[in-house]
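Please work from the sequences and hints to get the whole structure.
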Amino acid sequence: NAGVTQTPKFQVLKTGQSMTLQCAQDMNHNSMYWYRQDPGMGLRLIYYSASEGTTDKGEVPNGYNVSRLNKREFSLRLESAAPSQTSVYFCASTPGIYGYTFGSGTRLTVV
Amino acid sequence: GIQVEQSPPDLILQEGANSTLRCNFSDSVNNLQWFHQNPWGQLINLFYIPSGTKQNGRLSATTVATERYSLLYISSSQTTDSGVYFCAGVNTGNQFYFGTGTSLTVIP
Chain A
716 NAGVTQTPKF
726 QVLKTGQSMT
736 LQCAQDMNHN
746 SMYWYRQDPG
756 MGLRLIYYSA
766 SEGTTDKGEV
776 PNGYNVSRLN
786 KREFSLRLES
796 AAPSQTSVYF
806 CASTPGIYGY
816 TFGSGTRLTV
826 V
Chain B
25 GIQVEQSPPD
35 LILQEGANST
45 LRCNFSDSVN
55 NLQWFHQNPW
65 GQLINLFYIP
75 SGTKQNGRLS
85 ATTVATERYS
95 LLYISSSQTT
105 DSGVYFCAGV
115 NTGNQFYFGT
125 GTSLTVIP
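Line order of the protein sequences matches chains A and B.
The opening residue of the first sequence carries number 716 in my numbering; numbering runs sequentially from there.
The opening residue of the second sequence carries number 25 in my numbering; numbering runs sequentially from there.
In case anyone wonders, no lab produced these hints; they're calculated from the structure.
Some hints here could point you the wrong way.
Stated by the list, open to error - Some chain B residues judged to face chain A by a derived CB distance under 8 angstroms, without partners named:
(1) 25
(2) 55
(3) 57
(4) 66
(5) 69
(6) 72
(7) 76
(8) 120
Stated by the list, open to error - Incomplete in silico selection of chain A near chain B, CB under 7 angstroms:
(9) 756
(10) 757
(11) 758
(12) 760
(13) 811
(14) 812
(15) 813
(16) 815
(17) 817
(18) 819
(19) 820
What the hints assert, rightly or not - The following label-pair restraints were derived from C-beta to C-beta distances:
(20) B/97 to A/826: 15 to 25 angstroms
(21) A/753 to B/51: 17 to 27 angstroms
(22) B/32 to A/753: 17 to 27 angstroms
(23) A/723 to B/68: 17 to 27 angstroms
Beta carbons are placed, not taken as given, at the ideal position from N, Cα and C, and that holds for glycine.
Quick look at the structure:
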């Protein structure tokens with residue numbers, strides 16, 4: 716099925732460990748995004764990539780890095796995980812200014 | 025950034041009832057969207073509505089851009105409408121600002 720695929724779906728890390736969240740879309744969308752969602756809050760933008768080869772910081776970029784590997788893939792890396800990064804992470808893509816498609820999310824717990 | 029206020033924060037409806045959800049923005053937006061997050065966490069884009077009115081089945085949305093608010097109407101609610109409804113807006117650039125959502129529970 717066409718859409719946005721995120722892996723893994725669940726992850727538990729120890730403080731200080733690193734990991735990469737993977738995201739791939741097969742809709743030929745130009746723009747891709749990483750959001751985090753914390754309890755009782757809306758989504759907050761971490762990083763986005765308006766097109767292949769470009770990335771920009773969002774509202775809450777500290778502690779994260781991203782790579783737009785090609786048009787399909789946009790990964791999010793936590794270099795040294797902290798408990799404050801416990802959250803649900805969503806990847807999304809869009810062809811332009813509307814028509815967001817979200818992945819199913821990655822539930823990350825940092826202990 | 026833009027402040028986005030949604031009301032009410034929580035809503036419980038009997039199946040078949042109608043409801044109106046509201047979204048206020050602290051600044052003008054040129055791209056406004058409504059999303060539904062189902063009880064399993066999946067986010068679905070409902071409307072792209074920077075101004076005017078759109079309808080999709082039992083859902084419709086109206087944005088009054090000059091007054092910086094948007095309304096989402098749900099008619100004849102069904103249990104499958106349960107979940108959290110978010111609005112989000114952009115004024116410049118690509119960064120969407122989301123509200124904290126309206127949690128809707130539809131009781132059979």
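query: Which hints from the list above does the structure break, by number from lowest to highest?
result: Hints 7, 13, 20 not satisfied by this model.
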